[in-house]
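Colleague: As a plain string of letters, each chain reads:
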Amino acid sequence: MSRIRVALFATCLVDNFRPQAGFAAARLLEKAGCEVFVPCQTCCGQPAYNGGNEKTAIAIARNVISQFGDYDFVVAPSASCAGMLRHHYPKLFEKDTKWAERAQKLAAKTHELFSFLVNIRGLKTLATRCDRRAVYHDSCSSLREVKCAREARILLSAVEGLDVVDIPEAEICCGFGGLFSVKYPEISTHLADDKIANTNATGADLLIGPDLGCLIHLAGRLSRMGKKMEVRHAAEVLAGMMDEPALGQDRQ
Amino acid sequence: MNNNANGFAQGARAALRDANLQNALANLKKGFQVKRAHAFEMLHDPDGLRDAGAAIRANALAQLPELLELFERNVKSAGGHVHWASDAREARELIAALLKERGVKTVTKGKSMVAEEIELNPHLEAEGITPVETDLGEYIIQLRNEPPSHIVAPAFHLRKEDVEASFREAHVTLEPSRVLKERAALVGEARGILRRQFLAADAGITGANFLIAESGTAVIVTNEGNGDLTRLLPPVHIVVTGIEKVVPNLDDASVLLRLLTRSATGQDITSYVTFASGPRRGNDADGPKEFHIVLIDNGRSDLLGGPAHDVLKCIRCGACLNHCPVYGAVGGHAYGAVYSGPIGAALEPALNGISNTHHLPSASSFCGRCEEVCPVKIPLTGIMRHWRNKAYEDGLTPSGLRWGLKIWGRLALAPRLYRLTAAVGARTMALLARGGMTLSSLPMARGWFGYRDLPIPPRKSFQAQWRAGKR
Amino acid sequence: MTSREKILTKLRTANTVERAGVGVYRPQLRSDLKTDFVSEAEAADAMVHEIASAKDLPEKLQSLFSANGETTPLHIAHGSFLHELPWERAPNLTLHDTAPASEALALSTADFAIAETGTLAFVSGAARPSSWHFLPGIECVLVYHATIVPALEDLFAQMAGETLPATLNLVTGPSRTADIEQTIERGAHGPRALHIFLSAT
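First to last, the sequence lines map onto chains A, B and C. The working numbering numbers the first residue of the first sequence as 1 and each following residue consecutively. The working numbering numbers the first residue of the second sequence as 1 and each following residue consecutively. The working numbering numbers the first residue of the third sequence as 1 and each following residue consecutively.
Isolated chain A, as found in the complex (with noise of 0.2 Å):
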């Protein structure tokens, strides 16, 4: 029996600034029976359409389209392009009878990475080891677009020897909203600052969440204050790729 092809949409953040979360995200998907393509990609739009270039967006969601359009699923690591993908395209293409029906096909099996292990693939159990306490970053787009905040926390209980916990006040945004965090620097960095109080008051040294943006951001707060705190991906403690440094840090 063949292996569902899964393309990997790894995203530009994981691309340029992680890439151990997109190794660690095909490992998952491999590990879910799944066979992991990588299509060439650059990036899903996202700040053109957020910054009100439609055209740019369009243009850029039509080499999506094309590139991702002949698998069974596209997964990214990622709930704010998933977002993207599954439910901005087809509204960007609405009025487009070419490109719509492409629009929705894609949009339809496009998931974000925790959310189509566990409701897809039905993933249970992880065969990973990690002892220690880690807290969850939920991002607004995992909670409030492509919801993922239950299956994630399904996968990291699998995850023997991990204890999560949630941060206070999880459902407030941490400020980073992409373009916001550099249109808008000062309440950005106030909303940082208070996510960032929020968690050190939950005694975790291990920071992660299922999207980048908010990790960079927050990590590049707290290295900026000083602060303490290994910042990751959650597909890299899901994966037990745990070996490369943390979110701007040297090797140990």
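By construction, these hints were calculated from the structure, which means they are not laboratory data. Glycine is no exception: its CB is placed at the ideal position from the N, C-alpha and C atoms. The reader is advised that the hints may include incorrect statements.
Covered, in the sense of this in silico footprint (three residues per stretch, anywhere, with C-beta under 8 Å from a C-beta of chain A), are these stretches of chain B [said to hold, decoys possible]: (1) 12-22; (2) 321-329; (3) 361-372; (4) 437-443; (5) 448-455.
Position chains B and C against the provided structure of chain A, taking the given hints into account.
Modeller: For chains B and C alone, kept in the frame of chain A given last:
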């Protein structure tokens, strides 16, 4: 009102440094958010109620002109008058003229965001008419000559010491040595001062939370009862309202009322809900002799059927403000607009033009919490994105951002160039980091590096490593 | 073109707006009408007293508001049947039909009561001044069991076929404000206290 991007940036900065304001804003989490959540938990079908509200508002907008005509007919047959105003200027001139014709010197006012929107008070004062705000929060900010900082709680940003100072300054007939430390004392003092105003007013102006077509009714929702004293005591009652507020019937209004009070303050119902359907009848013991409705367009008709249409569903509950991380960081004044928070970002461009207001829909992280709590399910982030599109088309996006997006767009559409640029970028950043794993500055990137370091990208991207066979 | 014509024309020529679903929501009673009404009213800070009949009102009011024997004015609107109650049983209460002032005591009858929210409903009329629900310091209201309806929609159903009065007031608990530091204080402009006398007959 400082309606521009610089004003917002400055206002935001000042707000973030204002310890008293930050204390007040912390109350949003403990107060409004908790209360709303509890009120919705107590419902047997919270999402069903929001769906019902969304449907009622959508259906009402689908028949807006017919409903307005029906409403007008019913108000008139009960002996009331209906006036139509295309814009803010026409509205305030109409109202001032109405009052002057009747020799009105003092007019009491219930809380009305529309009245703020049309800048009614300064115009009345210029015409020799004294408006007296009677909602306690509005009264306080009127004394301080400040705009409201929140749709439901206009004096949200103040401490009781601020209120005490304003009362001492304004209430000169009272004994200076009196103690005004407690909130109850402040409320009691306002009660006394405003009771005299209520009784002496020549006319009363209120807003309307809803208009009901089938009965020609304006619905006024308060906890204080000030709206009622404003309506019932003087001989003239004027209702100022946007044209979008009308619903077909009493049952629709009942559903929306449930949503409004729970969403705004977490109450199942406010102390007072009044259905005002005209002037006093025949033998009525009291009530106004004249009843006037002023229907105001001011940009609303332009929205109907367009891309930002859903913003007309708003019932002005303020829940979006209460749950917004940006509003929660900077408060209402920083926005420099009558309507702040997410609804402000969605509505102000329609009322005041995108060139004056594009910074408002821009100032959002699109976290989506506003949409999650909106009682009538307005797709607020979608509407903000629509305005961002308009701003981009009109060349209003700041040039740095515009260029950045253009370059990113070009790279995203040209994978080889993208890979090359990323590789060069990674190498450059590694050099600049001098062996470290983070960068603390880059030219032209103050937006990031002013506040954060950046983990440097590894030499080879994920795709490059994958293609080279790494797994 | 008048503004009216301008506005209506613009609205009529706008793009069609989709209708969406049905907007109905029926609240659920937790218990029976009376129990729900009482618990909701008390949760809204009203004081609820159960009496056997309206005739018990004078003595009840005297015991509540004139226990020390001092003469207490009580305002009842001119023409109200409440004047016909046995006030001789409450000699300390003096009846007035002038409008109550800010610290005064007033008594009226509710036309309806709503169980869902513990609300009283008052229809404006000849012997029913609407402003009296906002003027006094303490508002007392006689409510008959039989007038309790489950929800606001039921109140309107009972009034179906009639034109709405000039003013329909829904009153739930005393007047309050949280405008200063988001903390509730009572008696913002309207009554500081609301006493409901729930009569079986």
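Colleague: If a hint holds in the structure, say so; if it doesn't, say that too.
Modeller: Cross-check of the supplied hints:
no.	hint	verdict
1	12-22	holds (count 3)
2	321-329	holds (count 4)
3	361-372	holds (count 10)
4	437-443	holds (count 3)
5	448-455	holds (count 7)
Checked against the numbered hints above, the structure violates none of them.
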